[in-house]
Amino acid sequence: MVEQNPSLETLQDIKRMMERSSRFISLSGWSGVAAGVCALIGAWIANSKIEDYRSGSSGITLEGNGVSLINQLLIIAVSVLIAAVILAFLFTWLRTKKNRTKIWDPVARRLMWNTIFPLAVGGICIWRVLQIGAFTLVAPLCLVFYGLALLNGSRYTVGEVKYLGYGQILLGLLNLWLEGYGLYFWALGFGVLHILYGAMMWWKYER
Amino acid sequence: MMKNPIGNLNKIFDSRIRLGVMSILMVNEEISFNDLKTMMDVTDGNLASHLINLEENGFIKVHKGFIGRKTNTTYSITKAGEKAFKEHIDALENMIKGIK
Numbered sequence: 001m002v003e004q005n006p007s008l009e010t011l012q013d014i015k016r017m018m019e020r021s022s023r024f025i026s027l028s029g030w031s032g033v034a035a036g037v038c039a040l041i042g043a044w045i046a047n048s049k050i051e052d053y054r055s056g057s058s059g060i061t062l063e064g065n066g067v068s069l070i071n072q073l074l075i076i077a078v079s080v081l082i083a084a085v086i087l088a089f090l091f092t093w094l095r096t097k098k099n100r101t102k103i104w105d106p107v108a109r110r111l112m113w114n115t116i117f118p119l120a121v122g123g124i125c126i127w128r129v130l131q132i133g134a135f136t137l138v139a140p141l142c143l144v145f146y147g148l149a150l151l152n153g154s155r156y157t158v159g160e161v162k163y164l165g166y167g168q169i170l171l172g173l174l175n176l177w178l179e180g181y182g183l184y185f186w187a188l189g190f191g192v193l194h195i196l197y198g199a200m201m202w203w204k205y206e207r
Numbered sequence: 001m002m003k004n005p006i007g008n009l010n011k012i013f014d015s016r017i018r019l020g021v022m023s024i025l026m027v028n029e030e031i032s033f034n035d036l037k038t039m040m041d042v043t044d045g046n047l048a049s050h051l052i053n054l055e056e057n058g059f060i061k062v063h064k065g066f067i068g069r070k071t072n073t074t075y076s077i078t079k080a081g082e083k084a085f086k087e088h089i090d091a092l093e094n095m096i097k098g099i100k
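Chains as they are written, first to last, in our numbering: chain A, 1 to 207; chain B, 1 to 100.
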C-alpha cells in the first residue's frame, strides 16, 4: 500500500506555492516555435525585398518617405513582431487552460514588466540608430537587447529562457563585427534559436 | 536517542493558508493583499483573519499604503517569521528522515 507521507505532502505544497508565486511556468514551447517560424517567414520576405532593391528593377529608394526599402523592412519587422506576440500568447493561453492556471497573475505581470522594459529601452536606441542611418547596427542591437530582456525575464519564468538570452546576445555581438550579414543573424537568432528553444521546452515539459 | 521531531513543528503553520502565505512571502520581497488572494484562491475574510494571526505572532509585517484613493496593503516576512518557517521545514524534513 502506498501511503502518502503528510510531511512530504506539506513540503511539496510549500515548494509548489514558492514556485507558483515567483515564476510563470505556463510559457509554452509552441510559443517559441511559432515566433521562430514568423521570424523566418519575415526574414525570407525581407531578403527578397532587399534583392529587388539591389537589382534595381523595383525602382524604390533606400530611404525617404513612401515606398522606400527601409520603410518596407520596418513594416515587415513590425508585422512579424505582432504575429509572433499574438501566437505566443495564444499557445501560452492554451497551456494555462490545460494546467488550470491563470495567464494574468502577479507573476505574469512581473515577467512582462521585466522583459518589456529592456525591450523598450532597446527600441528607443534602435530608433535613434535608424535616424542616424547606421542601418548595419539595427540587427545586432535587436538581438542584444532582446537577449538582455530574456535574461532579465528568465528569473520570473522557466530558467531555460536565460540560455535563449545568452544565445541571442552572442549572435548580436558577433554581428556587430560581421557587418552586412544582419538579416542572416536576425534569422538565426529570432528564427532558428526560437524554434530550437521551443522544441526543447516542449520536449522537456509538455510532451 | 532521537529527539521527538514533532516538538519542532510550529502549530501556527498547521493551517494550509498560513503555510501558503509564508511560502509565498519567503520568495517574494513584498506582496499585496489582492495578489495573495489570487495566488491562494481564498476569500477576503478568510485570508484577512489568517494574516492578522501571522502578524500578531510577529511573522509578517503589514504596510498600509494608497494607490490613488484605493488602499493598497502589502505584506512582507519578518526575520522571526523567516526563522520560524525554516525551523518548520527542518522539522518536516526530520520527520521524513525518521520515517525512513
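To be clear, the hints were calculated from the coordinates, so they are not data collected in a lab. Be a bit skeptical, because a hint or two may be false.
[What the hints assert, rightly or not] Straight-line Cα separation of at most 25 Å, SDA-like style, residue types lysine to any residue; simulated pairs: (1) Lys15/A <-> Gly58/B; (2) Lys37/B <-> Asp13/A; (3) Lys79/B <-> Gln12/A; (4) Lys70/B <-> Asp13/A; (5) Lys162/A <-> Thr43/B; (6) Lys15/A <-> Asp41/B; (7) Lys86/B <-> Leu11/A; (8) Lys37/B <-> Val192/A; (9) Lys15/A <-> Asn57/B; (10) Lys15/A <-> Met40/B; (11) Lys102/A <-> Gly58/B; (12) Lys61/B <-> Asp13/A; (13) Lys37/B <-> Glu179/A; (14) Lys102/A <-> Arg16/B; (15) Lys97/A <-> Lys79/B; (16) Lys15/A <-> Gly65/B; (17) Lys70/B <-> Trp104/A; (18) Lys37/B <-> Thr10/A; (19) Lys49/A <-> Gly58/B; (20) Lys15/A <-> Asn28/B; (21) Lys15/A <-> Lys70/B; (22) Lys86/B <-> Leu8/A; (23) Lys15/A <-> Cys125/A; (24) Lys61/B <-> Lys97/A; (25) Lys79/B <-> Arg155/A; (26) Lys97/B <-> Asp13/A; (27) Lys15/A <-> Val27/B; (28) Lys97/A <-> Asn34/B; (29) Lys11/B <-> Lys97/A.
[As the list claims (entries may be wrong)] The following residues of chain B were derived to be distant from chain A, with all beta-carbon distances above 10 Å: (30) Arg16; (31) Asn28; (32) Gly65.
[What the hints assert, rightly or not] Pair by pair, the computed Cβ-Cβ distance ranges are: (33) Glu87/B <-> Phe89/A: 53 to 63 Å; (34) Val27/B <-> Gly64/A: 45 to 55 Å; (35) Leu11/A <-> Asp41/B: 27 to 37 Å; (36) Phe66/B <-> Met112/A: 48 to 58 Å; (37) Phe66/B <-> Gly133/A: 41 to 51 Å; (38) Ala80/B <-> Phe117/A: 26 to 36 Å.
Quick reminder that beta carbons are idealized off the backbone N, C-alpha and C, glycines included.
Tested hints:
no., hint, result
1, Lys15/A <-> Gly58/B, "holds, 23 Å"
2, Lys37/B <-> Asp13/A, "holds, 17 Å"
3, Lys79/B <-> Gln12/A, "holds, 23 Å"
4, Lys70/B <-> Asp13/A, "violated, 33 Å"
5, Lys162/A <-> Thr43/B, "violated, 36 Å"
6, Lys15/A <-> Asp41/B, "holds, 17 Å"
7, Lys86/B <-> Leu11/A, "holds, 11 Å"
8, Lys37/B <-> Val192/A, "violated, 40 Å"
9, Lys15/A <-> Asn57/B, "holds, 23 Å"
10, Lys15/A <-> Met40/B, "holds, 14 Å"
11, Lys102/A <-> Gly58/B, "violated, 32 Å"
12, Lys61/B <-> Asp13/A, "holds, 23 Å"
13, Lys37/B <-> Glu179/A, "violated, 52 Å"
14, Lys102/A <-> Arg16/B, "holds, 21 Å"
15, Lys97/A <-> Lys79/B, "violated, 38 Å"
16, Lys15/A <-> Gly65/B, "violated, 30 Å"
17, Lys70/B <-> Trp104/A, "holds, 21 Å"
18, Lys37/B <-> Thr10/A, "holds, 20 Å"
19, Lys49/A <-> Gly58/B, "violated, 66 Å"
20, Lys15/A <-> Asn28/B, "holds, 13 Å"
21, Lys15/A <-> Lys70/B, "violated, 33 Å"
22, Lys86/B <-> Leu8/A, "holds, 15 Å"
23, Lys15/A <-> Cys125/A, "violated, 41 Å"
24, Lys61/B <-> Lys97/A, "violated, 35 Å"
25, Lys79/B <-> Arg155/A, "holds, 24 Å"
26, Lys97/B <-> Asp13/A, "holds, 18 Å"
27, Lys15/A <-> Val27/B, "holds, 10 Å"
28, Lys97/A <-> Asn34/B, "holds, 22 Å"
29, Lys11/B <-> Lys97/A, "violated, 36 Å"
30, Arg16, "violated, 7 Å"
31, Asn28, "violated, 6 Å"
32, Gly65, "holds, 16 Å"
33, Glu87/B <-> Phe89/A: 53 to 63 Å, "violated, 43 Å"
34, Val27/B <-> Gly64/A: 45 to 55 Å, "holds, 53 Å"
35, Leu11/A <-> Asp41/B: 27 to 37 Å, "violated, 20 Å"
36, Phe66/B <-> Met112/A: 48 to 58 Å, "violated, 24 Å"
37, Phe66/B <-> Gly133/A: 41 to 51 Å, "holds, 48 Å"
38, Ala80/B <-> Phe117/A: 26 to 36 Å, "holds, 35 Å"
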